[in-house]
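Asks: Chain by chain, the residues run as shown.
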Amino acid sequence: MAASCVRTVGSFLGKCMTCSSSINTVATQVSQQVELTYSALCRKNLAAAGPEKFTLEYIQKQVEEYEIGKRHLANMMGEDSENFTQEDIDRSITYLFPSGLFEKTARPLMKLIHFPLHKAVQWGADGRPFHFLFYTGKQSYYSLMHDLYGKILKIEKHQDRLRAKGLFSQDAQLISLGPSRWLTKEELELLLVETISTHDYDRFIKLMEHMLCMPYSSTEEEFVQRYRRLLEAQSLKQLVPLLEKDENGVAFSTAEGRRKTSDSSVILRDCGSGHITVNGQDYLQYFPVLQDREQLMFPLQFMGVLGRFNLECKVSGGGRSSQAGALRLAISRALLSFLSEGDGEVMRQAGLLTPDPRVRERKKPGQEGARRKFTWKKR
Amino acid sequence: GRCTITSLSRILQSQILFMLLLVICCCCCFSLLTEKILNQPLEKADFFRVAELFSLKDLFDARVHLGHKKGCRHRLMEPYLYGCRLDHDIINLDQTMEHLQLALNFTAHIAYRGGIILFVSRQRQFGHLVETTAKDCGEYAHTRYWQGGLLTNANIQYGPGVRLPDLIIFLSTLNNVFQQHVGIRDAAKMNIPTVGVVDSNCNPSLVTYPVPGNDDTPAAVELYCRLFKMTINRAKDRRKQMELIHGLPQTEGAGQGKCFFYQVSMMEKSGRR
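As you go down the protein sequences, you meet chains A and B in turn. 1 is the number of the first residue of the first sequence in UniProt numbering; add one for each residue after it. 1 is the number of the first residue of the second sequence in UniProt numbering; add one for each residue after it.
These are computed hints drawn from the structure, not numbers from a lab. Accuracy of the hints is not assured; some may be wrong.
Just a sample of chain B residues kept apart from chain A, beta carbon distances all over 10 Å, derived [to be verified]: (1) L38; (2) K44; (3) F178; (4) N203.
For each label pair, taking beta carbons as the anchor points, the in silico distance ranges come out as [what the hints assert, rightly or not]: (5) Y58(A) x L32(B): 40 to 46 Å; (6) Y145(B) x L162(A): 34 to 40 Å; (7) V346(A) x Y145(B): 49 to 55 Å.
Some chain A residues judged to face chain B by a derived CB distance under 8 Å, without partners named [unchecked claim]: (8) G127; (9) F134; (10) T136; (11) A164.
We put the beta carbon where it would ideally sit given N, CA and C, even for glycine.
All chains should be modelled from the sequences, with the hints used to inform the complete structure.
Replies: Set out below in structure tokens:
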């Protein structure tokens, strides 16, 4: 297992305050190393880890040493020790210890690492464990399941009481979760400071879902929200181009499209004539091949608006086919502003709004082309 | 083989002898006062009066006498059965009374001496109930999947210097595949006494204090949980009282105090002796 060593210059700087600040003497002193082996990070078993690693006092000591070292460093650099940020620290260290090493992680570093949470001793002086589920091995996980089941029983009792009074209604408030997702297995492990198996995690999620399906579960909303995370912002939502009006009162929209090495931009005008111009020329002249003209027409024909719009296209780069493809994408995008949401969704499903990611693959040495190899000769 | 229980008092006396031996072994460690506190319950049979916590009628009402069908019967449970009616085994409630009294008395003594008690049951119906009972007593529970080395490999599983349970109470001695729970064998290996509710399809041999009775009906299991909870709380309160009376600082292991000055008259009587 690879051991990544993080050198901290903190305590060493503290020792070095009194001595002269010549770089040679400074560089030869051994700085304190905080070793994070991968196995120590994953192992939560006290017996296996060393006696001094990651106890609360140890972490606090490291933090204190870091703070003291930071102040000394600031004084050394002649800067304000109160507002010395991490970037200033990095700058100062690179100045004081210029390193020719290529590996960035091997260079001198002064940073506080994030100590993983780690369970302290689980029993008191008389040997009695603190947690009532200690002997199961996974006390936090099982206590969570116990609490969850307790809440389910409470909701059921509440339902029974309401049924007895005759106030039970099937469609009573379910919890409104919003755009959120369940905690992942890793996040749950971090929360519980325990390793759990996939089976355990699946059971937890199933039990949570079971609780959410019950009619009066909104009483436990706060408990459920603790195990939910907000979804990341919906990226790549389809940007609809703006609908503008020119001097004559005709609505138009502009859009761009790309394919291979061609770039195109299209102005779609709601005239009603169906006139198409490409780079100043008529489209029949610019695209003599039927296939390219079909590519141009396809978005309009698909939405059934063939004769309605006027197209003013500009295209450059690439070949005949890629220019046609670029134009098609631009036309579809421009068309979005004239259509409803549902039609836009239909276009997306048809693949009109997806930019084609295919580009020319480079030729590799030792081969004829990108994929073709040289003729194999037996001898 | 067949174990015959002759009389309640003889068993209690042997219990007391065993306790006294234990006390003698660690006599040198204790101060005189602590010794007095620990020896006092051993002078009387049924010091904690566990016999008055339940009656035969309570057992009958909780359907403790209902066993499984004749085909499921374990050979070693035959001495404990009263008979068989329409293929259903009936457990002898007189024997159950005696065994339950012994078991509760033993539990009370263990709790009085600040021992760790572990409740084990692999029945999914009653897992939550057992865990709640343990929580209310201030003791421990294990109603989940039993990992192999929990007792036998404890120093590696939990860390060096862990203290193992001093008593394991099985509310059901079978696991989910109707085989004997691994904890019974492991406790016997680690010299940990066990109390177990044995149904007519269970093997009572390795259990130190078997209690023949029904382990499947909710009423019966609730009764057992209630009885164990009451005995443990009684014993712990008694211990706190004794320490107060003798003026010692209270130990943390004595558990939560509920009714503080219960049976004051009884205390006065024993004090006068």
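Asks: Next step is simple, just say for each hint if it's right about the structure.
Replies: Taking the hints in turn, this is what the structure says about them:
Annotated as non-interface, L38(B) keeps its C-beta farther than 10 Å from every C-beta of chain A; the closest such distance is 15 Å. Under the 10 Å C-beta cut-off, the non-interface status given to K44(B) relative to chain A holds; the minimum distance is some 27 Å. For F178(B), the shortest C-beta to C-beta distance to chain A comes to about 22 Å, beyond the 10 Å cut-off, and the non-interface label holds. Interface exclusion of N203(B) from chain A stands, the closest Cβ pair being 23 Å apart, more than 10 Å.
A hinted range of 40 to 46 Å for the beta carbons of Y58(A) and L32(B) is consistent with their spacing of about 43 Å. At about 36 Å, the CB distance of Y145(B) to L162(A) agrees with the hint of 34 to 40 Å. Evaluation of the 49 to 55 Å hint for V346(A) and Y145(B) yields a pass: the beta carbon distance comes to about 52 Å. Nearest Cβ of chain B to the Cβ of G127(A): about 3 Å, under the 8 Å cut. The hint holds.
Among the interface hints, the one on F134(A) holds; its C-beta lies about 6 Å from the nearest C-beta in chain B, closer than the 8 Å criterion. Contact between T136(A) and chain B, as hinted, is supported at the beta carbon level, the nearest pair being about 5 Å apart and thus within 8 Å. The interface hint given for A164(A) is broken, as the beta carbon of that residue sits about 20 Å from the closest beta carbon of chain B, more than 8 Å.
Violated hints amount to a single one, hint 11; each of the other numbered hints is respected by the structure.
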